[in-house]
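Starting from the given sequences, assemble the full structure and let the hints guide the process.
For the sequence shown, full-length UniProt numbering gives the first residue as 1, with consecutive numbering after it.
No wet-lab data here; the hints were simulated from the structure. Mixed in with the good hints there might be a few duds.
Claimed, not checked - Pair ranges (Cβ atoms, derived):
hint: 1; residue 1: H151; residue 2: S44; range: 17 to 23 angstroms
hint: 2; residue 1: A138; residue 2: E374; range: 19 to 25 angstroms
hint: 3; residue 1: Q29; residue 2: G252; range: 47 to 53 angstroms
Stated by the list, open to error - In silico PhoX-like cross-links for lysine-lysine, where the CA-CA straight-line distance does not exceed 25 angstroms:
hint: 4; residue 1: K36; residue 2: K121
hint: 5; residue 1: K53; residue 2: K63
hint: 6; residue 1: K39; residue 2: K149
hint: 7; residue 1: K121; residue 2: K105
hint: 8; residue 1: K253; residue 2: K66
hint: 9; residue 1: K132; residue 2: K39
hint: 10; residue 1: K53; residue 2: K253
hint: 11; residue 1: K39; residue 2: K105
All figures in this text were calculated on a predicted structure; none of them were measured in a lab. Even for Gly, the Cβ is constructed at its ideal location relative to N, Cα and C.
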Amino acid sequence: MTAEIPKIEIISDKEHIGSNKEEQVGWRQDRDAFVKGMKALQESSRTHGIIPKLQPHFMSLKKQGKTSMVYLCSPDTDHVATGLMDLGWGCGYRNCQMLMTFLSKQRDQNVPILDGVVNIKGLQLLLENAWKEGFDPAGAAQLEHRVYKTHKWIGTTEVYTMLAYLGIRCTILDFDRPTGTNNSHDAMFDWIQSYFEEGCSEEGKLAEADARQQQAGKHKDRVVHITNRPPIYLQHSGHSRTIIGIEILSDGKRNLVMFDPGRRMARSYKKNVSVPEDDMYNSGLLSLNNDEENTSTDTPPEELPDGWLSKMRNLFTVPASNLLRPFRVDSNSIASNPQYQLLVLGEVNELKIAAPTHQCLRWNPDKSFLLSSEEREQNKKIGSFRVV
Numbered sequence: 001m002t003a004e005i006p007k008i009e010i011i012s013d014k015e016h017i018g019s020n021k022e023e024q025v026g027w028r029q030d031r032d033a034f035v036k037g038m039k040a041l042q043e044s045s046r047t048h049g050i051i052p053k054l055q056p057h058f059m060s061l062k063k064q065g066k067t068s069m070v071y072l073c074s075p076d077t078d079h080v081a082t083g084l085m086d087l088g089w090g091c092g093y094r095n096c097q098m099l100m101t102f103l104s105k106q107r108d109q110n111v112p113i114l115d116g117v118v119n120i121k122g123l124q125l126l127l128e129n130a131w132k133e134g135f136d137p138a139g140a141a142q143l144e145h146r147v148y149k150t151h152k153w154i155g156t157t158e159v160y161t162m163l164a165y166l167g168i169r170c171t172i173l174d175f176d177r178p179t180g181t182n183n184s185h186d187a188m189f190d191w192i193q194s195y196f197e198e199g200c201s202e203e204g205k206l207a208e209a210d211a212r213q214q215q216a217g218k219h220k221d222r223v224v225h226i227t228n229r230p231p232i233y234l235q236h237s238g239h240s241r242t243i244i245g246i247e248i249l250s251d252g253k254r255n256l257v258m259f260d261p262g263r264r265m266a267r268s269y270k271k272n273v274s275v276p277e278d279d280m281y282n283s284g285l286l287s288l289n290n291d292e293e294n295t296s297t298d299t300p301p302e303e304l305p306d307g308w309l310s311k312m313r314n315l316f317t318v319p320a321s322n323l324l325r326p327f328r329v330d331s332n333s334i335a336s337n338p339q340y341q342l343l344v345l346g347e348v349n350e351l352k353i354a355a356p357t358h359q360c361l362r363w364n365p366d367k368s369f370l371l372s373s374e375e376r377e378q379n380k381k382i383g384s385f386r387v388v
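Quick look at the structure:
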């Protein structure tokens, strides 16, 4: 995957038109009928419930003095893996599907915001239909108005186009250059950290006053914060991934926590198992329950010392750092690319304050994920915030 990040028009201010509920309901019905006509994402490509399972591994690193604080996105976000049929070109579609897993579990007026997650061919048809309606004409021309049943790579603008076509509000942020020493992207890390940290401060808003005070105490002592924030689509030249959080290390350095569609999920994340499996090794390494592996007749199994199985399992316990290896990406790895784009679900506003741009941009938790008909029409022309 070597597609370059597309250059898009920069719009620093948008006029936001109030949503009309009747229009939203009518548009949503048309959209849902369209989505239902497509084939759904295969469950074999999808792993549910990973985010809560990361918590004990980060807690283990905290006890070792390695991790200071972790902020994670909504647990409604699932991992979607690349398959053999889209190996080498499908990452943009797979990361779009990860965003859609989150959206499919959100509700507006007691109705799901998105009625399901479609497969790659469905997304390709959806993108072509968006182009036919006038979304992103420059991007359509670049890809010759055709992606269905092809292996063409897609990037941020195509994901934006598909979501806007579905009536989903999203915002693109451009980080065009490094801002720290050794080509590090400090401004991008700062924005991502603020995005998730502010998600923690919202947790007590819906509670009563005394409950908020109790929650504040818990927040102060907590190490891993699972927020309600959406995941973030991250694009650089050649690849895309989904940001699900950020980790602050004890020495002040930071890791992005990400879902990479190219990384397979360990067996321990797919179902409840008593012995964690290292994602980097063969799951058959330890087979204590396999009758064929227990060939010794010198000591019958029932005569083994008490606690023998537990000791053997402890001997083969996989370090937390290994279990988190598929998800943690350090700042040095991020520094290997000069440019990044983030696609954020929802609205990002620019505050009128005297501060660097990345400190002025704030995610709006009060804005619906759904666009009105007028807003959807406006979003046919893609814009972004140039942060740096």
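Tested hints:
no., hint, verdict
1, H151 x S44: 17 to 23 angstroms, "21 angstroms, holds"
2, A138 x E374: 19 to 25 angstroms, "22 angstroms, holds"
3, Q29 x G252: 47 to 53 angstroms, "50 angstroms, holds"
4, K36 x K121, "14 angstroms, holds"
5, K53 x K63, "17 angstroms, holds"
6, K39 x K149, "14 angstroms, holds"
7, K121 x K105, "22 angstroms, holds"
8, K253 x K66, "10 angstroms, holds"
9, K132 x K39, "21 angstroms, holds"
10, K53 x K253, "23 angstroms, holds"
11, K39 x K105, "18 angstroms, holds"
Violated hints for the displayed structure: none, as all numbered hints are satisfied.
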